[in-house]
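Enquirer: Here are the chains, one letter per residue:
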Amino acid sequence: MKKVFVLSLFFISTCFITPQQSDLTHLRFLPHWIPQAQFAGFIIAYEKGIYKKYGLDVELLTGGPTRSSLDWLTEKKTDLADAWLTSALQVRDKNVKLVNICQLIQKSALMLVAKKGKGINSLSDMNGKKVALWQKDFQIQANALFEKYQLRVKPYPLSETQDIFIRDVVDVTSVMLYNEYHLLKNFGYDDSDLIIFRFQDYDLNFPEDGIYVLDDFYKQNKKACDDFITATLEGWRYAFEHENETLQLVMKYLTKAKYAANEMHQRWMLRQMNKLFQPESGQKLGELSEHDFDNVVQILKESKNIHSNIQYKEFYRSPNGKP
Amino acid sequence: MVSLRNSLAVKLVASIITVSGAIFLYIFGSNFYRSREILVTNARSNARHLASATVNKIEITLSNVEQIPYTLAYHLEHSSLTENELLTLLQNVTASSKEVTGVTVAFEPDMFLGVKGEYAPYVYKNNGNLKTVFLKQPENYYRIKDWYLIPKERLEPMWSEPYYNVDNNSKILATFSVPFYMIKNGRRMCAGIVSAEIDLHWLEQIVKNVKLYQNGYAFLISHDGTFVTHPQKDFIMNETIFSVAERYNDLDVRKFGKDALKGNSDFVFLKQFLDKKNIWLYYVPLLTNDWSLGVIIPDKELMADLNSLTRYILFYNLVGAILLIFAIAFLARRITRPITKLAAATDQIAAGNFDVEIPETKSKDEVGHLAASFNFMKTSLRQYIKNLMDTTVAKQKMESELKIAHEIQMGILPKIFPPFPDRNEFDIFAVIEPAKEVGGDFYDFYLLENSYVYFTIGDVSGKGVPASLFMAVTKTLIKASTSIELPLNEIISKVNNDLCNENDSFMFVTIFFGRINIKTGEVEYVNAGHNLPYVVSTNGQLKSVAKTGDIAVGIVENYQYQLEKVTLTDGDKLFLFTDGITEALNVSNELYSDRRLEAFLKTQGASSVKELVVNSVKAAKEFSGEAPQSDDITAFVVKWIKPKKEA
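First to last, the sequence lines map onto chains A and B. Letter by letter, the first sequence follows residues 503 to 825 of my numbering. Letter by letter, the second sequence follows residues 2 to 648 of my numbering.
Pulled out of the complex, with its shape left as it was, chain A reads as follows (with noise of 0.2 Å):
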């Protein structure tokens, strides 16, 4: 009797086994910059099983300042990427057929800041001045707001540091909302130091962070593809409310990856995550604005930066299969 107890026991048991790792659909995903909270979601999918929990066996390649994330996808050596929206209107402006499945960033983390007393109280006192610009899809933004105020302004690249604005030599520069920005509040600039100029408040809200595939792909894996989606926002949402442990993570992908970083920069950056993921009422989570979007590609057009006329409907595919 006991036997038969433990034998039919195990043959449950078997029978509600999850998929083997030979089941798994395998899917290559290469974030656009390095392993930091801006890609959370991402590693809390991945570390916290969410990814097998879908069928997918998901490898995080390791994205940074040398790897473009779509130059991989077009070179086929990823199979999901994460990008901005300019930069993938430009490459499918360039006949590569990628699509957008998923928009996770919906307000633009880029801004403008200069420091107080120096001058600068509003964008029109930026005319003539000296202004820090990161390189290519960085500037667009810009460009289009010095062309709509039509600031004649002094650009400077702006590298990896702020010390060009820290030391005075540039009045103005680019920051990121969740990455420069507290930087230069861990540099000691206090939030009345500062004096920040945000796109979306000159109607030139672009969502940044969205993951792309190339269309012929998704097609033939749309499952695995709607799953990653699904698994992907899961793991942000996990991640939005389990700070300390997602933050644990993080710091040990930075280490690893030898990034100089601090857990409190990262708490920050994440916080700042959840705030831009939040899309306008009536959208949902992951969902490309057609509004942002026609204003993207009319400014992307308008700046010649593209040429071709990009439909929302076919650049956007939302993860239930409407687009």
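Among the clues, some could well be false.
What the hints assert, rightly or not - One side of the interface only, derived from the structure: several residues of chain B facing chain A at Cβ under 8 Å: (1) I145; (2) K146; (3) D147; (4) L150; (5) I151; (6) E154; (7) E162; (8) D225; (9) G226; (10) N239; (11) E240; (12) T241; (13) F243; (14) S244; (15) R248; (16) L262.
None of these hints come from the bench; they were simulated from the model. In this text, a Cβ means the ideal position worked out from N, Cα and C, and glycines have one as well.
Put chain B on the given structure of chain A with help from the hints.
Expert: Chain B only, in chain A's frame:
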């Protein structure tokens, strides 16, 4: 027995311990804070010396490194070097310096000889060998790097922020960059940057060697607050002083960080530094590169000696206080023991036991004096009380005799009214109120042969027993001398002679003596110096009787008294009185006086004899009010009623 709380010993201990405790605490407290100040001042000075020495050590090395780009810049500005010469120079310089790990000369585009565009040779040490590379676009686009861009824009030398070696993250490097100038198209312009790179591991060693007390340590923060060295390894390059302040939510640390980055130096106390201990922090800037060195001294270690001394002092003071309590308690017992015995003896004396023994005290101090005084007081009290008792007995006896005398005096005065209830022709009423127990006033009346009523009112000089005796004698003499045939003035003259005889005490008496013919209402009278009576008619009219001008009885022997007459009409009341009425004094020392009496009598026309007597005495007394009665008061009234014709 007094309660413990009220005992002298407890009070003494409490007050002395309180006062001496307060004095001790004040001295101890001020000494503690002064010592603390001295310790802090010394610590500040130690920290300053140590920090200065460390900063000097660092700055010497940094200055040595600075010399290389300065020298190279000088060469580039003053001599035209070929590419080979330049590379050789860079290799030589790099090789010759112990600290420098690499040297770069980076030109602005088209500024080096025939080279088109950017040119930037970088010579660096690699495992003991020198390597030369050329920084090129795009991977090494040097013109946007901080070490190049910032000094070029600011046209001044600069120490970079520390950074990790690109190839090997374990090395922390810093670069010193100097702009150099060339003349092109007749214009002196910045031609590029010379920079020298150093590995900062030696810094860690120097700063690590800073030791103050057991666990004091030093750390170095860069121009933007990043930790360059710190005993906690994970702080280095990861944390800034501000991120640490944020993590521990410590605004004081943030404040210190801001002040340090401004290039200031100070010695500050930070509470719960990084959530752990109270510390003292001395910070001083490195003038070469605007970094800041901080030296930390744990407050507990700084104060260790003082704290142990404090505990030692507190312990011995506690012991001292306990000894003091015992000493005071002993002394207080010595003082209070005889006092307690004295108190017990005094209780006995208070209870009336004068035979109690006052305890002997040999001591000649205040307590000894007190005991002696108590003994004397006891003896005196005993004597005094004995005297008092004797006096009291005598007084009681006298008072009893006086009382008897009063009763006798009153006894000899007729007191039954109406005295002749079957007689309708007259009515009599009298009252006497002595001022003392025994007075000198008297009155008398008697009916002779059913036709005459004799009446007397008198006032003996003086009061008390002698006066009453004299009064009794006078009254008796008058009554005894009365005979219907004898004229009244002769009766009085006879009485006068009798009284003058052997009147050794020189007493005298005023007398109004009269008789009324009850048929006719005619009144004969003699007045020997007494107040003249009033006749009160039924209609309220008042008249005095005629004066006789005679003197009081008992003064002049053989004096001849005069007889006078007055006739009453039907219902007239003859009101006789002593000077106790008219001379009654009120509290303002005013006399009741004849005037007030007359006014009163005018209202009494319809009164009965009793009412008139009682009311007149009452009026005089009311006038006196609270003032004591100074003299005997006597009022006497005779009313004549015309007899009806017999049928």
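Enquirer: Hint by hint, note whether the structure agrees.
Expert: Against the structure, the hints come out as follows:
no., hint, result
1, I145, "holds, 4 Å"
2, K146, "holds, 6 Å"
3, D147, "holds, 4 Å"
4, L150, "holds, 6 Å"
5, I151, "holds, 5 Å"
6, E154, "holds, 4 Å"
7, E162, "holds, 6 Å"
8, D225, "holds, 4 Å"
9, G226, "holds, 5 Å"
10, N239, "holds, 5 Å"
11, E240, "holds, 5 Å"
12, T241, "holds, 5 Å"
13, F243, "holds, 5 Å"
14, S244, "holds, 4 Å"
15, R248, "holds, 5 Å"
16, L262, "holds, 5 Å"
In this structure, none of the earlier numbered hints is contradicted; all agree with it.
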